[in-house]
Amino acid sequence: MKGVSEGTRWEMHWDEVAVFDINSASLGVDEFVLMTAAGEALAHEVAEASGGAEVLFLCGPGNNGGDGFVAASSCSLAGIQTSVLSSHESSKTKISSRARDMAAKGLQIHVWPDTPQGDWTLIVDCLLGSGGAGSGSELRSSIREVSSWARSTGLPILSCDIPTGLGGPDALKPVRTVTFHSPKMGMSESECGEIVVSELPWPTEVRNCGVGDASRYPSMELDASKGDRGRLLVVGGGPYHGAPLLSGMAAARSGCDLVHVAMPATASSRSQWPASLIPEKLPDREFLTPDSIGALSDFIDSGRSPDAIVIGPGIGREEESMEVVRAIISLSVSNSLPLVIDADAISALPVGKWPDGLIGVATPHSGEAERWLSETSPQQALADCIKEESVIVVTGFEDEIFGPQGRHCHATGGHPRMAVSGTGDLLAGIIGGFLAQGMSPWPAARLACAVLREAGSRAAQEKGPGLLADDVPVHIAHTLSEWIVVR
Numbered sequence: 036m037k038g039v040s041e042g043t044r045w046e047m048h049w050d051e052v053a054v055f056d057i058n059s060a061s062l063g064v065d066e067f068v069l070m071t072a073a074g075e076a077l078a079h080e081v082a083e084a085s086g087g088a089e090v091l092f093l094c095g096p097g098n099n100g101g102d103g104f105v106a107a108s109s110c111s112l113a114g115i116q117t118s119v120l121s122s123h124e125s126s127k128t129k130i131s132s133r134a135r136d137m138a139a140k141g142l143q144i145h146v147w148p149d150t151p152q153g154d155w156t157l158i159v160d161c162l163l164g165s166g167g168a169g170s171g172s173e174l175r176s177s178i179r180e181v182s183s184w185a186r187s188t189g190l191p192i193l194s195c196d197i198p199t200g201l202g203g204p205d206a207l208k209p210v211r212t213v214t215f216h217s218p219k220m221g222m223s224e225s226e227c228g229e230i231v232v233s234e235l236p237w238p239t240e241v242r243n244c245g246v247g248d249a250s251r252y253p254s255m256e257l258d259a260s261k262g263d264r265g266r267l268l269v270v271g272g273g274p275y276h277g278a279p280l281l282s283g284m285a286a287a288r289s290g291c292d293l294v295h296v297a298m299p300a301t302a303s304s305r306s307q308w309p310a311s312l313i314p315e316k317l318p319d320r321e322f323l324t325p326d327s328i329g330a331l332s333d334f335i336d337s338g339r340s341p342d343a344i345v346i347g348p349g350i351g352r353e354e355e356s357m358e359v360v361r362a363i364i365s366l367s368v369s370n371s372l373p374l375v376i377d378a379d380a381i382s383a384l385p386v387g388k389w390p391d392g393l394i395g396v397a398t399p400h401s402g403e404a405e406r407w408l409s410e411t412s413p414q415q416a417l418a419d420c421i422k423e424e425s426v427i428v429v430t431g432f433e434d435e436i437f438g439p440q441g442r443h444c445h446a447t448g449g450h451p452r453m454a455v456s457g458t459g460d461l462l463a464g465i466i467g468g469f470l471a472q473g474m475s476p477w478p479a480a481r482l483a484c485a486v487l488r489e490a491g492s493r494a495a496q497e498k499g500p501g502l503l504a505d506d507v508p509v510h511i512a513h514t515l516s517e518w519i520v521v522r
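Under my numbering, the first residue of the sequence shown is numbered 36, with each subsequent residue one higher.
If you are wondering where the hints come from, they were derived from the structure by calculation, not from laboratory data.
Be aware that one or more of the hints could be misleading.
Unchecked claim - Derived BS3-like pairs (lysine-lysine); straight-line CA-CA distance at most 25 Å:
no.: 1; residue 1: Lys127; residue 2: Lys140
no.: 2; residue 1: Lys316; residue 2: Lys261
no.: 3; residue 1: Lys129; residue 2: Lys140
no.: 4; residue 1: Lys422; residue 2: Lys388
Stated by the list, open to error - Beta-carbon label-pair distances, calculated as ranges:
no.: 5; residue 1: Ser371; residue 2: Gly141; range: 52 to 60 Å
no.: 6; residue 1: Pro325; residue 2: Asp419; range: 26 to 34 Å
no.: 7; residue 1: Asp391; residue 2: Thr150; range: 52 to 60 Å
Even for Gly, the Cβ is constructed at its ideal location relative to N, Cα and C.
Model the full structure from these sequences, guided by the hints.
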């Protein structure tokens, strides 16, 4: 298996901005330092685009507006005639409020609809950042009114990070967009003008899995009913009956509502079934064979159709079992069902490539990855896949996570005792649980890797060297509970 360049950057999903920001804060980086760096970079581009002539900043209530207040102050101090129009009376985050207060010491901040007067040559759009991008819907009240007024001036616009309303009917169309770290999904010259990528003082580790990944965990609805948080099917067992149960319990503790586990009859009879898992009967006795394909297909097509599938925990390497894996891959593709391929099921994958049309995650350890990918790198295997839809997690002392279009990061931390048997089954189950709840493969894999390492560390604090994989699932729930509050 070939490696990958550490310098690779990918086109970020808008939600990943929040992921990186929270990860950065968890690493001890001052958020205001980041805002100051962004604002100074924006000011440099404004000075170049305006030629030092008079400019107007439009500042929204969030951190994008905070970047604008920092840049406006910097431009004013540099001798550029600067006006500021805010869409709201106040800013809604601590750091954007701090930037606003600092700007107010040297500039008059007008609040819509009190528009300033000036002979501007450029409007700087700092109304909405990633939080308002890509919805395709109309902008809200004052933001919509301010952006409409800006368009009516006919002046050229320079946008901060992402043009306000990108992807929607009220979008501003700048001549230049200054974005940070890397381009964002959906950005093009037709919608953003010239795209300038500016660095931020993020540590390299900010790209890795961490607490920030919990910001993409699906929110819970107050009126939710059973099944709204997803249904998962785990297929495995035969030689080993405990593995699929571990996957199922991890999925349940990830927040998935309904977890079904299907395994051969002998393995099922040896198992002590947790009350929260639903057994599914298969016609096989000792290991999976093509006799079970019909039963699994019927389940997938039934009124209890799963939202995602995990295949592989405890399955063994019988060739007939590999036929079942290949059939499940085909069913997943034809039904657009996300699939987690784990453990010995990796052996059924086509050598050196990702299965055509499959949405999901493969979780090989390094030896399995070598056998599967051979001389192909993970990113080459994913070359024809779309953005966040297909992921390879090479598990080990540090998990290495690969996705399409240059996505690449690590999961670090955890506890040495997590090398215990069953850890991989837990990871597959958590990923499957997240997929069943509606997460895409890339954020699901990232969050699962981070949560499992933290949960393992917490379990190890209680159990020490006697830690078992069975001790970890409850800590998956505890970790998610705390991380979701943090976001």
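Verification of the hints:
no.: 1; hint: Lys127 to Lys140; result: 19 Å, holds
no.: 2; hint: Lys316 to Lys261; result: 22 Å, holds
no.: 3; hint: Lys129 to Lys140; result: 17 Å, holds
no.: 4; hint: Lys422 to Lys388; result: 16 Å, holds
no.: 5; hint: Ser371 to Gly141: 52 to 60 Å; result: 55 Å, holds
no.: 6; hint: Pro325 to Asp419: 26 to 34 Å; result: 29 Å, holds
no.: 7; hint: Asp391 to Thr150: 52 to 60 Å; result: 55 Å, holds
Figure legend: structure checked against the earlier numbered hints; every hint is met.
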